[in-house]
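Number of protein chains: 2
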Amino acid sequence: MSRKKGGFTLPGESGYEKLTLELAEKWGADVIRDSDGTQLSDELLNLDYGIYSTICIIRDHNEWIRKNSEKQQQTFLMAGPIMAQESSVKIALMQEFYREQFQINDSKEAMKYWQVYDRTAQKEIGKDKWSYNAEDESVTLVDIMPFHTYTVNFLAYRIWEEISMYNHVTNKWDKEHLMQLDPCYPEAQAYLLEWMENWCKEHPATTVVRFTSLFYNFVWIWGADERRPNYFTDWGSYDFSVSPYMLDKFAKEYGYALTAEDFVNQGKFRVTHMPPTKKQRDWMEFVNEFVISFARQLVDIVHEYKKEAYLFYDDSWVGSEPYGERFEESGFDGLIKCVFSGYEVRLCAGVKVKTHEIRLHPYLFPVGLGGAPTFMEGGNPTKDTQEYWVNVRRALLREAVQRIGLGGYLHLTEGFPDFNEYMEHLSDEFRDIVSCHDKGMPETTGVKVAVLHDWGSLRSWTLSGHFHETTGHDLIHVNEALAGLPLDVTFINFEDVKNGKLEDVDVVINAGRAGTAWSGEGWKSEDIVAILNRWVYNGGVFMGINQPTAADGFDTYFRMADILGIDEDTGARVCHGRLEFEVSEVEGLLTKGCQFRKKENLYLTNRNTRVLAEVDGQPALTICDNGNGKGIYMSGFEFTWENTRMLLNLILFAAGKAQCENGKVVYGKYLTDNPFTECAYYKATGKMIVVNHSERKQETVIETDMGIKEFVLEPYEMKMVKSV
Amino acid sequence: MSRKKGGFTLPGESGYEKLTLELAEKWGADVIRDSDGTQLSDELLNLDYGIYSTICIIRDHNEWIRKNSEKQQQTFLMAGPIMAQESSVKIALMQEFYREQFQINDSKEAMKYWQVYDRTAQKEIGKDKWSYNAEDESVTLVDIMPFHTYTVNFLAYRIWEEISMYNHVTNKWDKEHLMQLDPCYPEAQAYLLEWMENWCKEHPATTVVRFTSLFYNFVWIWGADERRPNYFTDWGSYDFSVSPYMLDKFAKEYGYALTAEDFVNQGKFRVTHMPPTKKQRDWMEFVNEFVISFARQLVDIVHEYKKEAYLFYDDSWVGSEPYGERFEESGFDGLIKCVFSGYEVRLCAGVKVKTHEIRLHPYLFPVGLGGAPTFMEGGNPTKDTQEYWVNVRRALLREAVQRIGLGGYLHLTEGFPDFNEYMEHLSDEFRDIVSCHDKGMPETTGVKVAVLHDWGSLRSWTLSGHFHETTGHDLIHVNEALAGLPLDVTFINFEDVKNGKLEDVDVVINAGRAGTAWSGEGWKSEDIVAILNRWVYNGGVFMGINQPTAADGFDTYFRMADILGIDEDTGARVCHGRLEFEVSEVEGLLTKGCQFRKKENLYLTNRNTRVLAEVDGQPALTICDNGNGKGIYMSGFEFTWENTRMLLNLILFAAGKAQCENGKVVYGKYLTDNPFTECAYYKATGKMIVVNHSERKQETVIETDMGIKEFVLEPYEMKMVKSV
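Here the protein sequences come in this chain order: H and E.
Adding 45 to a residue's 1-based position in the first sequence gives its number in the working numbering.
Adding 45 to a residue's 1-based position in the second sequence gives its number in the working numbering.
Simulated from the structure, these hints should not be mistaken for lab results.
These numbers come from a predicted model, not from an experiment.
All C-beta atoms in this analysis are idealised placements derived from N, C-alpha and C, irrespective of residue type, glycine included.
One thing to keep in mind: the hints can contain errors.
Just so you have them, the derived chain E footprint on chain H, three or more residues with Cβ under 8 Å [said to hold, decoys possible]:
# : segment
1 : 162 to 172
2 : 218 to 229
3 : 564 to 575
4 : 710 to 721
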């Protein structure tokens, strides 16, 4: 083995044994894995490598499911709205939905949960006024109000496992659809436990069983309309965990029953971006308890066979909640997360589990995201890899994971020797970073930042899904910036605020659109507002972005308007005069090239509010002193290198960690002076890493304990230096 | 007298008798008026002209008021919010307010109405927890929650009549401040009736008494902060009509008491742009009853002296409600409205009164709006006049008034002979237009348009104040467009919808921001939605602009989303797929140069919705068939000539009044084919007027009963032709 071996999971490919070994040696792999649709040959299995084997525990059981079709997984769907033009109307249930994914469940147990709603009046229609016709899959309503609209909440089996469905359709496979069983039933559990036992027996070479993932997929409803193939997708929602069996059990355990409407929610469903309800949280807790306890039984079997069990933290992860209190009870040895961004590294690294592994992008597939070419003609996988890596790398500088890996088909790299070279270089950089973390975390500025929203630590770092799926939300941009900054970051909710979690916090960030889970619903509480007011007066920094702390019904729309010194007019103040302002510059605070978003209808609530930036005459960045603390408002935040450094500057300045000398802000040691570069200092090992995020050469100066150090960095370069 | 005399009110100026006569002759004046701060000399009074004399009935009584200072007018004000840092806090009441306008009323009767609020909790603080200190004009709160914010609602006398205050400050007058009495008190009424009687006796030459205006000014609160001189202004709000006397009387009459908070409304006040509450409407009705009945007594005196009484529909018009049911009872002979825009002409012309007069802009003042030079060096009053006149003129083509007039100081015109020429031309145009109306209204397309909002006919044509004060609202742009279009326009509210007013309507327009009075609050009612749904299915056209029909709590944000075929996502649907669309063009429908506003978060609710225009990939104009009717959605509407014609095209097309021939829309007779021109046809007189709105030469073709007619129009030209 070469000196650099370790921490790298390589997707092996049968028929390409020589290539597999070559690249394993080149990239320093210590583990070989299979991929969806591939199997490792005996030749590969018998080499001196660890072997990861992927299992999707709920599928690949078509035979059993054919005998137990009522034990397939389900979901609630809503048909309509349809406008009645008379006192009767007929609603076709499946019109909007992909028929290969769903099949109506009209069993007696399921029908109990069906509901018909008058959406114009937002009232449920009595069961005596509607009937279901199985033949044409429609519900007919009678004796109703004409010219109201109506919907039907119904239960449907999900007859095609969604991840497999996606791979099947995308790769145009021609094979039997894989179904999925619901492990909530005792019979299914008995079957799976036996299956797991047999699988372990039959795979002696496997050292790590990779669960891809557990039982319930995130919600992924496909539509029938080619103009809207994606009907609804939410990485964090629990709709796919329902069944009459579990709902009945929930009612017994929690003392109240959930209805279809609790999930369907007027057709909006319960998207992670909106404030969670008490019922929703109860259901999540209920499912989480089941998922963890049954996962534990499977993990125990894996452990009996002296294998490790890793969980893939994507796909059917729902109910596992790696940031939940129960996760450690599952017994998993490792967590694998596929990453595009820095925040996903932190999301993975922050879970309490022995081994953290990140799956890098791009996958070894012909095409990447959105169908753009990767490992095929017209693709530039090296550039793609570099661009993902700069974001991933800066997060790794802050918090290490133990392993990296790739997925896909190794032979596709054959036409891309520069990729193979770059991957060798990247894995060396990774191992260098890991070595720096050997004796502890890097130094931070000591500033403790808490991101405050409705979900708190349960949705640490993430909102819902990947960056490109959530790019419309300010908070994902903030999270991505924070992922690589020298700050101590936590995620808290409103209960935490009440329970004194602010005591240890210097800066609170609240960022998002009004009415969402990110701006948060807790602001209706006078106690929350008063606690935060007091905390700011005692020295805290409250930073609000976009529509922070928004709530209807009060004198201000932003509940922290008094602290922020700014508020948004929702229409009632169009005839109020607004305080005129001039922009006050603080030299050295705003990075050259940082950008702000134009936001209308803002008005200053305090004549002491300083406007630090404006867009078209509208305030875009303000700061307001309150007692010993400060309020900072930003109209929006977009992740760019310049904005990221501006965010850090603001935080340090407001938290009193940057000194103002000769009218210019000085930020202290171990910070670069160029927003396209960052550094991390590992005091215990005496090492410092400096990185260039950009595709251009960059220069930077860093003040260290050993004096001022100057660096010139090639495009994307990382430099590790000692004794600084 | 020259042939062209009549319908023109000239501001006479003493000391410039010759000029007055010259211009009276040139412009065809039949009436001479005085202005604020001027008096007509006997020489002018004794000529063969009608004489308007301006009286401001509530001011110019300083002597009486000094003896009856508790009978000055009042208002509620709110001090704070102030954050308490301990369990006690002191709030200075007058800090935010202009001391020359307000004086605290801390009489026993007034204090009864004072209120202290915890705004963090939005709860009133008991009277045992606060006390007022008259010496330093502050309220001290004790035993309260620290780090909540607090406000004080208090009563203040208004010690400087606001219009006079404005003129005084603007013109830097150096004279005694004019106070204003509140005519609600029997003693004040007795005084005023006697004063009116004397005034009539002392002004035998006066033919028309112009009331400027009645008793209560629109709300105009000045601030103490030079960075916010205007604290709050609303042309339509009733705050300046309060007094303990009237509030007590109201409680007896209506069976419930109003509080300060009913007016102060968390410091937001009751701005016309927001949905009116029941209490607010009750108060308006109560004040209206008093204003009309006492105005009647004054008008009766005027009539006794064989003079006419005109009301100036600006300044202290509050409570007169020319569109209210009681207005005719007041007995006024005429209504005078100062106009910048076309909709103000319609606002004036639509009132049930014998004589309608519009006061043109610019006034004969050295400076105009916003301080720009007019009748002084650097000014171009002719161009200003032309630009106002094109908007005013097109509204006059639709609905005539009997008179025009000017205000200000005549001698200022001396340096501007081109203005004097243009005014001669303008007044001829005016008299030509009036002559066309002799035998009835012009032909319209026959399409009946109803603008639907919370205020309905009470706020016909206007929102609140002039165009430049309300430019942020879509509806004022729509109203201005409608003011000159060949449509039959009415304004209705939600009660009207319930009472069957839609029967006679072809097109309903609902335009505005969510939560405002213009989008309207009535949409929460399922009945309203169902009535409109049915009406559309039966052939109606429902047009929504910006955030029409918006209400929280339902499956769609736009309550008419099913009809419009489009809705706005307020955050709950960020994970829903959206129907992809392509823009479908209807040749000849969208005017070249028409513009749409970019609006985010819109999504199609119906696959049959046709997107007619988009901005940056977002739908901006859509149309959706429903039964025999249609829904039309526009993301916003700005008044331009191109957009105005586009609006007309859309209305005619959707209402089936335009034919589609060879893929191109044909709109029928008596419509120009150039958006910078319009025409009006007066069938009874056989006359047609064609106007050019632009400063460039324009050509247009008009289909008439006598065949196709072609016109070439000079800049701003108006052509009157016969036998078409």
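With a cut-off of 8 Å between beta carbons, are at least three residues of the segment 162 to 172 of chain H near chain E?
-> That given contact holds, which follows from 5 residues of the segment 162 to 172 of chain H lying within Cβ reach (below 8 Å) of chain E.
Coverage claim, chain E over the segment 564 to 575 of chain H, checked by counting residues with Cβ within 8 Å (three needed) | Coverage by chain E holds for the segment 564 to 575 of chain H (3 residues, Cβ < 8 Å).
For the segment 710 to 721 of chain H, does the count of residues with a C-beta closer than 8 Å to a C-beta of chain E reach 3?
-> Result for this restraint: violated, n = 0.
Taking a Cβ-Cβ distance under 8 Å as contact, does the segment 218 to 229 of chain H have three or more residues in contact with chain E?
-> Result for this restraint: violated, n = 0.
Of the numbered hints stated above, those contradicted by the structure are hints 2, 4, listed in ascending order.
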